[in-house]
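Asks: The lines below spell out each chain.
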Amino acid sequence: MAENASHSAQTYTGDAFRLSEGAYNKVRVILMGLAAVGWLLLIAGYFLDHERFFRSYLLNYVYSLTFVVGALFFVMVEHASGATWSVVLRRISESIMMVIPIAALFFVPLLFDLHGIYEWTHEAVVAKDPYLFEKSAYLNVPFFIARAVIYFAIWSFLAFKLWGWSTAQDTDRDFAYTAKSRRLSAFGLLLLTFTFSLAAVDWVMSLMPHWFSTMFGLYMYAGCATGFTGMLILISLAFRSNGILDRAITEEHYHDLGKWLYAFNIFWAYCAFSQYMLIWYGNLTEETIFFQHRFQGSWEYVSKLLIFGHFLIPFVLLVTLWAKRNLAVLGAMAALLVAMHYVDVYWLIMGSFYLDGVQLHWLDAAGLLALLPTFGLFFWMRLAKQHIVPVGDLRFERSLHFHQV
Amino acid sequence: MATSTTDTQDMAPGSVHGKPYAVATTFDTSHELLSAIRGIRKKGYRKLDAYTPFPIHGIDEALGERRSKLGFVIGGGALAGILTALGLQWWTAAVDYPIIIGGKPFFAIEYAVPITFELMVLFASFAAVFGMLAFNGLPRFNHPIFNYENYARVTDDGFVLVVERDGNHFEPVAIVELLNELGGKNTEVVHEDA
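Protein chains in written order, with my numbering: chain A, 335 to 739; chain B, 492 to 685.
Same shape as in the complex, but just chain A (with noise of 0.2 Å):
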């Protein structure tokens, strides 16, 4: 191992591990393309059908939002742990994190329309629904947008501070900003759950102002880190194929990304089971009719969709320490699970506007064609201005090296 060290000290601080000038560029070019054909398509729908582009829009915007929170969900549960492993990974993560002030100014768009996603921001309506009038105290336009100032503005700063240390670190190897991620990570996770509990109930479950369910916001917050953690091992395979940190991200990455991939998505599984049951057994209407509308009409289809490709194919095909290893399953798996998350987020926002069945519309596939590649095109922007990896963490070259036992 020592020799191990002292030699790759030598190859790795030069200027390897930076994005070259060639994949930088094909990948940016790629990417503003997608963009610029998925926002020009989706300024298309605003005046074809507004009702439709608001609608998307904010299917789209909460999907893409999810892989941002989920980085920065990462992020800070690296730091916290003190894990090894994943330091190779947390550059990349962490970039993708550094699109929450971007992903801030892409919520204003809703703003335009809440009348048109949120029931209860109309006045008339409240006024003579007694739950929504009791509800008014918390559902009203502007504390839902202070809170939505608030929930960016803590994301941002945890964000904010998490970058400066660590491009920090990658200069002068100080381990005084490793000590300081942790401290901020295990104070900002709890504000990160908090917050995106909250964030899940403002935009998605406020879809339906009638109905509630205090597991709602973990339920977001599992498909976040699992949506996410798929995103990621995409990503790393990606850069893989095309030689970039090929020799940094092993095996053993791979193997631990597959076990965080499958532990979250049972835990997602587990919060939607657990929500599920208890409104079975409760019985209640106010609280049966999120899943008496997603039972019913094509709907049905979509909610056992959930259930065999989001959680029981991925846990049977996943279980075995091969498939983790294997980069073909696990590759095939991280996919399906970044489709069957937009699925979810589908399921849960166009379940409450659609009552009926599913209507599929081509405003959603402009939607995450624009903002999608707009995410990852501030992603790349961000990765390629620096090492993609954090080469100034002590614990860098233990990762390089890291081996399951």
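Hints should not be assumed to be uniformly reliable.
Just some of the chain B residues that point at chain A, by a computed CB distance under 10 Å [unchecked claim]:
{"no.": "1", "residue": "H548"}
{"no.": "2", "residue": "G549"}
{"no.": "3", "residue": "A553"}
{"no.": "4", "residue": "G562"}
{"no.": "5", "residue": "P589"}
{"no.": "6", "residue": "G593"}
{"no.": "7", "residue": "K595"}
{"no.": "8", "residue": "Y602"}
{"no.": "9", "residue": "V604"}
{"no.": "10", "residue": "P605"}
{"no.": "11", "residue": "F608"}
Computed cross-link-like contacts, DSS-like style, restricted to lysine-lysine with a CA-CA straight-line distance of at most 27 Å [said to hold, decoys possible]:
{"no.": "12", "chain 1": "B", "residue 1": "K676", "chain 2": "B", "residue 2": "K533"}
{"no.": "13", "chain 1": "A", "residue 1": "K495", "chain 2": "A", "residue 2": "K719"}
{"no.": "14", "chain 1": "B", "residue 1": "K676", "chain 2": "B", "residue 2": "K538"}
{"no.": "15", "chain 1": "B", "residue 1": "K560", "chain 2": "A", "residue 2": "K593"}
{"no.": "16", "chain 1": "B", "residue 1": "K510", "chain 2": "B", "residue 2": "K538"}
{"no.": "17", "chain 1": "B", "residue 1": "K538", "chain 2": "A", "residue 2": "K638"}
Read the hints as simulated data drawn from the structure, not as lab findings. Even for Gly, the Cβ is constructed at its ideal location relative to N, Cα and C.
Since chain A is already given, all that's left is putting chain B on it; use the hints.
Replies: Below, chain B without anything else, positioned relative to chain A:
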């Protein structure tokens, strides 16, 4: 215990009568141990074991240890738990004594899942613990390796390599010589208790 081998045999009467169990030797560093393991495997010896004061990276691969089959036993336990729980809940609630509770169906997967999950975990844990004991040949009161005089150093600073008897074919003298060549100290033929 700074006594010679002869003294030990006198102190533990009977051990001299037992069949030879293995040849054991001690190294001072994990590095020496690993290279000796590679050396002795090259000579064709496969039934090896190593005792070390702390876990050593790569020692499983060096010893040629295959992956434990315990996972399959645990999987079997989990499956047994699932079937038991579902069978028990379905049979008692829907067949043997059907009774309407809270307006729910006699049997429904919704209420059965928590108990099924718990029983799966319970049976899998039992399978893990008892399977591990069975694979390790535990519990047992004694082990022939304790007859190796230098064995106590394993909990201190010694790295012990053991070449076990493989069937009836066992040439202790040749192995002792080989281990000494590989740098082993206090090399001894260890006997089973009679």
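Asks: Against each hint, give a clear statement of whether it holds in the structure.
Replies: Hint check:
no.	hint	result
1	H548	6 Å, holds
2	G549	8 Å, holds
3	A553	13 Å, violated
4	G562	8 Å, holds
5	P589	19 Å, violated
6	G593	8 Å, holds
7	K595	8 Å, holds
8	Y602	7 Å, holds
9	V604	6 Å, holds
10	P605	7 Å, holds
11	F608	9 Å, holds
12	B/K676 to B/K533	20 Å, holds
13	A/K495 to A/K719	17 Å, holds
14	B/K676 to B/K538	20 Å, holds
15	B/K560 to A/K593	19 Å, holds
16	B/K510 to B/K538	17 Å, holds
17	B/K538 to A/K638	52 Å, violated
The structure is inconsistent with the numbered hints 3, 5, 17, although it conforms to all the rest.
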